[in-house]
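Undergrad: Based on the provided sequences and hints, a complete structural model is requested.
Listed here are the chains, written in short residue letters.
Number of protein chains: 2
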Amino acid sequence: MQGTKEPTSPPTAYTPSDRTVPTRSPDRASYDKELVHAVLDEAYVCHLGFVRDGAPVVLPTLFGRIGETLYVHGSTGSRPLRMTGQADPGLPVCLTVTHVDALILARSAFHHSINYRSVVVHGLAYDVTDPEEKRVALDALVDHVVPGRSADSRPANKKELAATAVIRLDLNEVSAKLRTGGVNDEPEDLALPHWAGVVPLRKGYDAPVGDPGLAPGTELPDYLGSL
Amino acid sequence: MQGTKEPTSPPTAYTPSDRTVPTRSPDRASYDKELVHAVLDEAYVCHLGFVRDGAPVVLPTLFGRIGETLYVHGSTGSRPLRMTGQADPGLPVCLTVTHVDALILARSAFHHSINYRSVVVHGLAYDVTDPEEKRVALDALVDHVVPGRSADSRPANKKELAATAVIRLDLNEVSAKLRTGGVNDEPEDLALPHWAGVVPLRKGYDAPVGDPGLAPGTELPDYLGSL
Numbered sequence: 001m002q003g004t005k006e007p008t009s010p011p012t013a014y015t016p017s018d019r020t021v022p023t024r025s026p027d028r029a030s031y032d033k034e035l036v037h038a039v040l041d042e043a044y045v046c047h048l049g050f051v052r053d054g055a056p057v058v059l060p061t062l063f064g065r066i067g068e069t070l071y072v073h074g075s076t077g078s079r080p081l082r083m084t085g086q087a088d089p090g091l092p093v094c095l096t097v098t099h100v101d102a103l104i105l106a107r108s109a110f111h112h113s114i115n116y117r118s119v120v121v122h123g124l125a126y127d128v129t130d131p132e133e134k135r136v137a138l139d140a141l142v143d144h145v146v147p148g149r150s151a152d153s154r155p156a157n158k159k160e161l162a163a164t165a166v167i168r169l170d171l172n173e174v175s176a177k178l179r180t181g182g183v184n185d186e187p188e189d190l191a192l193p194h195w196a197g198v199v200p201l202r203k204g205y206d207a208p209v210g211d212p213g214l215a216p217g218t219e220l221p222d223y224l225g226s227l
Numbered sequence: 001m002q003g004t005k006e007p008t009s010p011p012t013a014y015t016p017s018d019r020t021v022p023t024r025s026p027d028r029a030s031y032d033k034e035l036v037h038a039v040l041d042e043a044y045v046c047h048l049g050f051v052r053d054g055a056p057v058v059l060p061t062l063f064g065r066i067g068e069t070l071y072v073h074g075s076t077g078s079r080p081l082r083m084t085g086q087a088d089p090g091l092p093v094c095l096t097v098t099h100v101d102a103l104i105l106a107r108s109a110f111h112h113s114i115n116y117r118s119v120v121v122h123g124l125a126y127d128v129t130d131p132e133e134k135r136v137a138l139d140a141l142v143d144h145v146v147p148g149r150s151a152d153s154r155p156a157n158k159k160e161l162a163a164t165a166v167i168r169l170d171l172n173e174v175s176a177k178l179r180t181g182g183v184n185d186e187p188e189d190l191a192l193p194h195w196a197g198v199v200p201l202r203k204g205y206d207a208p209v210g211d212p213g214l215a216p217g218t219e220l221p222d223y224l225g226s227l
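Heads up: the sequence lines are chains A and B, in that order. Be aware that the first sequence starts at 1, since it is given in the UniProt record's numbering, and climbs by one per residue. Be aware that the second sequence starts at 1, since it is given in the UniProt record's numbering, and climbs by one per residue.
Hints may contain errors.
Copies of the same chain look alike in the list, so a pair counts if it works inside one copy or between any two.
Claimed, not checked - The calculated DSBU-like cross-link candidates involving lysine-lysine, where the alpha carbons are at most 35 Å apart (straight line), are: (1) Lys158 to Lys177; (2) Lys159 to Lys177; (3) Lys203 to Lys158; (4) Lys33 to Lys134; (5) Lys134 to Lys158; (6) Lys177 to Lys33; (7) Lys159 to Lys134; (8) Lys203 to Lys177; (9) Lys203 to Lys134; (10) Lys33 to Lys203.
For the record, the hints were derived by calculation from the structure and aren't laboratory data.
TA: Right, here's the structure in full:
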């Protein structure tokens, strides 16, 4: 109908950039937002890279996601968080998450590999100064470890909030990279006597161990039974 | 006896530096070489950080270790390997490895954490140009994934060696960081009704899946049965 606007769907993929188009195996790259979110959400830690005195520093850290924004927290005294607070306009960072899914044993040493899923995020990290955004980000960090957990714990008090710095990194310049499938040996190697195949890595949880001092009657919550 | 020298044992720990002494939780840091080696050897991938056009880049990659040297390999066309070949004296890198061992659920959101073991290595990466060192390094990379595997696969041929770049990073400026144990809640939170405790992460392997085209009579090797 004339004058009626079609609703605009948000884009389902990130726009590739010079930094997110790989120099090798471009067929393994993906910019799909849903895939990127799934890889991020499955990870407990990310590896956060920044530059200090001209040299790279890579630290493992917890993180959370709300929509198209990642949050990292830490002590107000920690280096990357302090550096972010002082950076103008923001601190250049690279945040990377990797899952190893299987070992790939080929007949040739050269074709040994792993099946993996990784996400690399480039961008500027900003100090979160708005108290409400900080509070919501801290909930997201706890819920990233165990979904639903933030509602079943004591929220941070003023002293804890003051001791905690939170930085944000928007998902704009992002790519995923994946290897799936089996062995890719050269045709002339197929008759070699070496075993070749896939060794899948198993991931899971052992039974939760309650703190010795639990208040009487405290039961294991449902969200842990389903882990 | 006069004139007899006591044998000098090699140092068992790395010397802390400004970069390897953490600004927070210094009690979690360790410089013990045996511990560092164990954390490195258990990991399938490391996260390699370098600086490109002033911004950090963090990429997951396989690696190997021979004594106090780490090796990373890749296509001669890949960015960090090409940059290392062009860097003089070497490319500043930071190589980090992390294991997540357990989730720590505290009564307070603030004390949620994970048990982890990580190693951070700072230093200059050098292009490996000696053919023999390159060959031995590539064996170490394969054996890092499955110990003993390099002897049971076809070694790289001339073409494959030429297509592969290897960089080395010596273990000098190195630290490990660990969190172990249980929940550290505030005394005044102990009576809260929230479940608190440790959720251990289980790690293991599923049954290896042989490549459909295995040569007749190829059996699953013993070193995979013991995984």
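Undergrad: Does each hint hold? Answer for all of them.
TA: Hints, verified against the model:
1. For the homomeric pair Lys158 and Lys177, the shortest alpha-carbon distance between copies (29 Å) is at most 35 Å, but the shortest distance inside one copy (41 Å) is not.
2. In this assembly of identical chains, the alpha carbons of Lys159 and Lys177 lie at most 35 Å apart only when taken from different copies (26 Å versus 41 Å within one copy).
3. Within a single copy, Lys203 and Lys158 get their C-alpha atoms no closer than 37 Å, and across copies no closer than 38 Å, so neither meets the 35 Å cut-off.
4. With identical chains, the CA atoms of Lys33 and Lys134 are at most 35 Å apart within one copy only, with a shortest distance of 24 Å there and 39 Å across copies.
5. In this homomeric assembly, Lys134 and Lys158 come within 35 Å of each other (Cα to Cα) only inside a single copy, at 12 Å, whereas the closest approach across copies is 56 Å.
6. Within a single copy, Lys177 and Lys33 get their C-alpha atoms as close as 12 Å, and across copies as close as 33 Å, so both meet the 35 Å cut-off.
7. For the homomeric pair Lys159 and Lys134, the shortest alpha-carbon distance inside one copy (14 Å) is at most 35 Å, but the shortest distance between copies (54 Å) is not.
8. Proximity of Lys203 to Lys177 under the C-alpha cut-off of 35 Å is found in both arrangements, the shortest distances being 20 Å within a copy and 23 Å between copies.
9. Proximity of Lys203 and Lys134 under a CA criterion of 35 Å is satisfied in both settings, with 32 Å inside one chain copy and 34 Å between copies.
10. Taking CA atoms no more than 35 Å apart as the test, Lys33 paired with Lys203 passes in both settings, with 24 Å inside one copy and 28 Å between copies.
Comparing the model with each numbered hint stated earlier shows that hint 3 is the single one that does not hold.
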